[in-house]
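Produce the complete structure using the sequences and hints provided.
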Amino acid sequence: MNQRREQAGAIGALAAVAVLLLSWLLGVNGIIAFTLAFAAIVIGSAITSGTYVFKRLAALIPTLFLVTIFVFFLQTQRVSSQDVAIRVLGPGATPEAVEQFIDRNDLAEPFFSRYLDWVSGALVGDLGTSFINNTSVTDQVAQALPISLQLMLYSQLIAIAVSVPAGVYAAYRANQRADGVISTSALGLLSVPNFVLALFLVYVLGPGWLDVLPATRYTYWGEDVWGHIKQMIMPSLALGLGLSAAYMRLLRADMVVTLQESFITTAKAKGVSPRKVLWSHALRPSLFTLLTVFAVNSAGLIGGALIVEIIFIIPGMGNLIGTAIVGFDFLVLQGAVVVLAVGFVLLNFLVDLLYTALDPRIRNVRS
Amino acid sequence: MSAVEMSESGGPMVPQVVDPIELIDDGNASSNDGYQGNQKGFFFWAAIAWLIFIVICVLAADWIPGLPGPEERIADRDIREGPSAAHWFGLNNRGHDVFARSIHGARISMGVALVATIGGIVIGGTIGVLAGFYRRGIDATLTALINIMLAVPGLVLALTLVGFFAPSGGFEDQRFLFFDVAPTTNATIWATIALSILAAPSIARVARAQTLVWSDREFVLASRTIGTRNMRIIFRDLLPNVLPAMVSFALIGIAVLVVVQATLAFFGVGDVTATTWGGDINIGRDRLDSEPHMVLGPSLFMFLTVLSLNYLADKFTQFNSVREAGV
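In the order they appear, the protein sequences are chains A and B. Its first residue numbered 1, the first sequence is counted upward by one per residue in our numbering. Its first residue numbered 1001, the second sequence is counted upward by one per residue in our numbering.
Treat the hints loosely; a few may be bogus.
The list that follows gives simulated cross-link-like pairs (lysine to any residue, SDA-like), each with its CA atoms no further than 20 angstroms apart [stated by the list, open to error]:
hint, chain 1, residue 1, chain 2, residue 2
1, B, K1040, A, V181
2, B, K1040, A, S185
3, B, K1040, A, G188
4, B, K1040, A, T184
5, B, K1040, A, L201
6, B, K1040, A, G180
7, A, K276, B, D1289
8, B, K1040, A, R177
9, A, K230, A, L201
10, B, K1040, A, L187
11, B, K1040, A, Q176
12, B, K1040, A, K230
Bear in mind the hints are in silico, worked out from the structure with no lab data behind them.
Here it is in structure tokens:
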């Protein structure tokens, strides 16, 4: 019974991922998909841990409230409404046009009434309208988010595929030559900024040298599957390789500690093969830090892949944010940052729930 | 870059063991070879030497004999001559020497990161120590503040803060507080302040965690018993113990901020006229296919600097843990 209740949280999380993937494939509106996914996570984890989930959810509200105020403040107090109008309308704008622009966008109103206007809209899924192209911010975010999620997913897959075997092997051979080689290359990889790595990849794999991959703009999955894959290889590598170095170091450090625990000695004493000890006894309890950082990075990558998205002309969240910052289009920026902050907080929340699934010891302490 | 920050502060508390004794060994590993962390070795001194070189570039780039200035025109525009004996990294779009520009670029790239990290330690350290020492309401408030800052992706926060402080249109008034400065310098100063605010929350988390641990120790209790005032306990008992962890974190902080500064320059935010590594990489980006040397120079400088800092941070953490394990 208890076991089944514990699993409900994980099932909820998986259902959320499934909902997101399905809605992306079927082209369902992003906001609806996210609400459904969120509901799946909450229901699943509420069954698992009861009131704990609701406490965490309640703590989420003030955080989001303060994050939105913070970003709204930074954006609106940055330049005068006159400057925003002139920047959007162009330097030749007449004073009447400027007046009209300020009037139409309520720029002259005091900070808090503007904020309240925005919040009351945001609560029903209306994040406002862009100054520049008069399109709905909700639509823009809903268009950009799936693309950024793809990029995030690909780079995380690359990072995990590289870091887990490398980290496990380095921990197994701790302080020997193989560990030295792996750890040193990880340190080196960690020291390359991702835009430098991106340029390096463009040069080596692009038309400059080997000429195997195109450095063209983003191709949609539905348009041309092969073209999509070819286009996404370089940006995913540029982000994924640096991440894999960070993950590998974390996994190695944790795994070296785990390998000194008594249950490992017991397993070895029972004659379990080294491979089985590593992969089925030692790996699972060593995944905690990696999981936390994985979640933090998943959230960070969605908007933080800004430069890579710009270099490879991918119309994701990073590009949306970058254009919005340069163009003073602060409602777009506000909408994008809020979606990212929600994602960040929710992912952390999800990781907390996953801890219990990973380590039975935590489960028992809590219940 | 957030991964680096998080690895120090995030996640559940796992005891750090630096020199593991092999438990799963394959026969040829002896438990004695686990003490390599104590040796300084070639790379340690190479990293130190490189950083000293960079510091010299920061302080004295203008006086290095035979080095062209960053804006000194060697050849006509658009020649973009490749690397040669006279110009090690070749010439760029505007006929400037790329190697010379890389050396001059250290001043702002490194200087901003260094000053911003110190600022971050002061802001973040204060927040963290206060939260860890006074606990209860103060801790809850400050932790909420830290979490808000951390919920916004780092680069987005940096861009927003820099945009907030330094509009790219330039500063009309050429004053920073009470000093007369050039508008470009003013933009750089505000970018530095934005970066210290960016660095503060991660540093505050480390400081808070350390303070929580140390303020439960007996010697703090002893100080309290003899009636020492809080400020004295913080400065005399806690700070000397909290600082070492913050210093090794600060080395990573500098490395991260060098990259963030370069990213901002690459993005074209802040003072775009300054000579920086990120800005120079951006200049060379358009001609990457045919003349990669314009990107290579500043990239190499930045890579070696960040690598040295990361390596030293690793070593410093190891020395520290070994020292504490010995106690």
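Consistency of the hints with the structure:
At most 20 angstroms may separate the alpha-carbon atoms for a hinted pair to count; K1040 (chain B) and V181 (chain A) meet this at roughly 17 angstroms. Under the criterion of a C-alpha separation no larger than 20 angstroms, the hint pairing K1040 (chain B) with S185 (chain A) is consistent with the structure, at around 19 angstroms. About 18 angstroms separates the Cα atoms of K1040 (chain B) and G188 (chain A), which keeps this hinted pair within 20 angstroms; it holds. Between K1040 (chain B) and T184 (chain A) the alpha-carbon distance is near 15 angstroms, which keeps this suggested pair within the 20 angstroms criterion.
The suggested pairing of K1040 (chain B) with L201 (chain A) is violated, with an alpha-carbon distance near 34 angstroms, which exceeds 20 angstroms. For the suggested pair K1040 (chain B) and G180 (chain A), the alpha carbons sit about 15 angstroms apart, so the restraint of at most 20 angstroms is met. For the suggested pair K276 (chain A) and D1289 (chain B), the alpha carbons sit about 48 angstroms apart, so the restraint of at most 20 angstroms is broken. Of the pairs offered as hints, the one joining K1040 (chain B) and R177 (chain A) holds, with about 17 angstroms between alpha carbons and a cut-off of 20 angstroms not exceeded.
The suggested pairing of K230 (chain A) with L201 (chain A) holds, with an alpha-carbon distance near 13 angstroms, which does not exceed 20 angstroms. About 17 angstroms separates the Cα atoms of K1040 (chain B) and L187 (chain A), which keeps this hinted pair within 20 angstroms; it holds. Taken as a hint, the K1040 (chain B) and Q176 (chain A) pair is honoured in the structure, with Cα atoms around 17 angstroms apart against an allowance of 20 angstroms. The suggested pairing of K1040 (chain B) with K230 (chain A) is violated, with an alpha-carbon distance near 44 angstroms, which exceeds 20 angstroms.
In summary, the numbered hints that this structure violates are 5, 7 and 12.
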